[in-house]
Structure formats: structure tokens, C-alpha cells
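**Student:** Each chain, letter by letter, is given below.
There are 2 protein chains.
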Amino acid sequence: MKIALIGAGNLATNLGRALVEAGHVVCQVYSRTQVSADALALKLESRGVSDLAEVVTDAQLYIVALKDSALGEVLPILIKGREYALWVHTAGSVPISIWAEYGLKHYGVFYPMQTFSKAREVSFSDIPFFLEASGKMEMDILRSVATSMSRNVHEASSEQRRYLHLSAVFACNFANAMYTASARLLEEHGLSFDAMLPLIDETARKVHALHPADAQTGPAVRYDRNVIDKHLALLADHPLYRELYELTSRIIHEEKD
Amino acid sequence: MKIALIGAGNLATNLGRALVEAGHVVCQVYSRTQVSADALALKLESRGVSDLAEVVTDAQLYIVALKDSALGEVLPILIKGREYALWVHTAGSVPISIWAEYGLKHYGVFYPMQTFSKAREVSFSDIPFFLEASGKMEMDILRSVATSMSRNVHEASSEQRRYLHLSAVFACNFANAMYTASARLLEEHGLSFDAMLPLIDETARKVHALHPADAQTGPAVRYDRNVIDKHLALLADHPLYRELYELTSRIIHEEKD
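Chains as they are written, first to last, in numbering that gives the first Met the number 0: chain A, 0 to 256; chain B, 0 to 256.
Treat the hints with care, since some could be wrong.
Claimed, not checked - Below, simulated DSS-like cross-link-like pairs (lysine-lysine); rule was C-alpha separation at most 25 Å, straight line:
(1) B/Lys135 - B/Lys1
(2) B/Lys255 - A/Lys66
(3) A/Lys1 - A/Lys104
(4) B/Lys66 - A/Lys229
(5) B/Lys229 - A/Lys66
(6) A/Lys104 - A/Lys229
(7) A/Lys255 - B/Lys66
Keep in mind that the hints were calculated from the coordinates and are not lab data. Just so you know, these numbers come straight off a predicted model, no measurement behind them.
Put together the whole structure using the sequences plus the hints.
**Tutor:** Below, the structure is given as C-alpha cells:
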């Protein structure tokens, strides 16, 4: 399978590595800037390009891993002359119908639901992949590529995928925002964030066994107004954290009932 | 060390188990209700009482693990006639000075920073304990009890402890609230929360290696207005989640700068 990777961001970087490790050939990496394209191409023993006109025309699979807002601009130019290949995007919130307007025959969605940073190599073996395709043949190809990297491969409609993505923002990005607030508050008082790691780990492990609503502890679920008020007072200089504390405590308390 | 455990909630249950496993004797468990006292006493091969007058007078260490708001009511009654023992509480946000008014000689704070539920047995070996004591002898005793359960034992002032507790609410309770929101949204659309577990695990693992601010991904940190607006529209029927989404995205975006 001759694959062209369109994008060189966090997701493209991690996906590219996993594809190559699984034995696929990434024949080319496109990025808006040559530096990014070359940086990733080097890791994948591939070739980097930053001019859309230079993207190969003979790849069998084009994997588009760009910021959602870039798709409308890049795709019309890119697809022209490459209509016979299989095209997929990797975005949680972009429906499969985006491909229809380009007169493609073979298209789909290839969504690995995970948090990717360039600085961190992620093991793909249990990453959930959610696939959607224009037909059975296309789905078979995508499933074969996904299962070469992960044992956790599913089909999902565009409608399901947008709720998966929304839920992932809460479970991952927003949980991480809570870690960040925790780190900032500790650092301001000369304390190390490392002290939180056993707690963070147990909080994550716990929801493998208990529903998160049943796993909840702390002042909000006990409605310990005494502690809540002390904490709000400590946040006097952090109006946004204070607002976040009040709102999240209210949500925890109301969900209990 | 003859220990009386005052309280039979989530923390007392887990701490009691760990004390017994470490070879200590919990001679008595007090709870406001006899059912709770007996339930925990049974697990600890101890005796349960629900009448403050029946609490033993000859324990060497009294560990008070009650809701903060119950302390003011219970302690004056409980301490009377037991002033020569070592008294500790387990609360993140209660200062050590609370003991001063009772004319005690030996007192301190014994704070295991972890999320405890009765339904889940937690390994204590890497739980951070934060200790504070009225003197060196008392600190030596508390350190010896804590290190019999955990290899992660520290001293912390009341001032440090209240910031540890506040930060723990963000890193644990609020992160768990984000898991709960994620679970609710998935369940409403017939999707399983299990799909989120690899993502939740990686989000937690990631901050062992990267500062959470550097680990952040997703639409808010990219300021992908297109995705953010789609997500807000999906939350039309969840006004509190919508508010949480907007506020947290704003915090993530502003912290980036």
C-alpha cells in the first residue's frame, strides 16, 4: 500500500511512525512548510513536499491529517488528478459527506481516537480506530491498515464519531486542563506537580472498574460547603479557576441526585 | 500501636485496611451509625461503636477521618478523658491548629492524598502521605506508621497542605467530573464509555513525561473555532456542559499564551 501523508502535525507524526512500524510505505509527506514536511519525512524515510502541485499522483491511499479549517482550501486543489485513489481524513468532527462534492469514488474516514504530541511516541496497539467508508472494498482496505497497527478497530457513522470526538474532548483535553490548573496552583506555592501523579493514575485506573459517577469523591460530591468555601477563597486571585471550581462543583453535586 | 479509628467512610475504610495489612491493630471503629461501624469493624477484625461515650480511652493513636464539618461537634466530646493520646486528623483543608483549643499535648495531621471509595481497594504503597505534628516524637510516630504503608511520605505545613488539597480537587475530582460528562454524552448516543479508556490512560500517563500545559491537544489549544462551534451546538440540551465547554476551552486557550 503506497501511502501519501497530507499533514505533518501531532497526529500525522504519530500515525506516520505507526504506519512505517507496521510495514507500510509512506511515499511522501506534505506540509504547508517545507521544514515540517522534511522533519517528518526524515523520520519515515520518506520525501517531504510543501507545494501541493508536487504531491505524488500515484499513491493508493491519501491520508489527510490537517486542521479541520484547512480542508476546504486544500482538498479541491489536491484531489484534482488524483480522483481514483482512496482518500481518507482523520478528523473526529468532519463528516464523511465532505468527500462527496469532489466527485470521488473511494473515500472514508480513518479516526484514531488518541491524544498525540510530537514530543511523545504513543503505542498504537490499543488505540481505538473508528472507520467509515464509501463501500465494502474501501472499508476492507481501511480495516486492514488499521488492524496492522491496533487491535481496537471499529466502524462508526459520522454521527457517532462526532459524539465520540466531543466526549474525547471532555475525557482528555478537559481532564488535562484540570491537571494544568493543579500544576499551576502547586507551582505558585513551591510544590511539585509530581506529588499528584499517584492520584492522577488512580483516578484514571478507577474508571476501568467503576462508572465515573460512582467513582466521584471530594468536597463537591459530599457537598462539604465548608471546604468548598475555603477553596474558593484560595482562588481569589484566579477568577477563571474560581469560576471553573464553582461550575464543576455544581455539576458534580447536581449529577449526584 | 493501639489505634482507634474515628469514622467509617471511604477514607477510613481504605486506611483501616492498609493499617491492618501493615500489621497494626485497629482496636475500635467509631461511626455515627452502628451499621457502618460494624461493617468496617468486621473487615478489620475490630469492634464497632456508634456512641461517643463507648469509644475506648486507652488507645495510643486516635485517627479522626470524619467529614470536616463534623469535627467541631464530635471532637470536644471525644477528646475529653483521652487527652494523653496522640490525635491526628486526615483532612487536607483542616489546619493543625484545630487541636490547640482542646488542650492536647500530642497531635498532628495524617493526610493520605488519594481518592478512596469503599467499593475499591487501593494499593497504599505509592500514595503520598503528608504529615504534620506537634513535636519531634509525634512526627517520628506518624512517620513510622505512614512508612509502614507507603514509601511516599512527606512533611507538609498546614499552608502547603491546603494547596495540595485544592490542587488534588482539580487533578482528581474535576478530572473525574470530565470523565463523567464524557460517559453521559456517550451513553445518550448508545456508545460505550469503554472506548475512552485508552485515551484516559494515555492522558494520565502523558503528564508523567510532559508538563500538562505542554501535553495539551484538541480544538481549544489549536483554537479551532470550527470544531468548538460544532461541539457547542451538540451541547444545546446540556446548558451546564455547554458552559463548562466554553469556560474550559477559554482557560486552555488563554493559558497557551
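**Student:** Honestly, which of those hints from before does the structure not fit?
**Tutor:** 6
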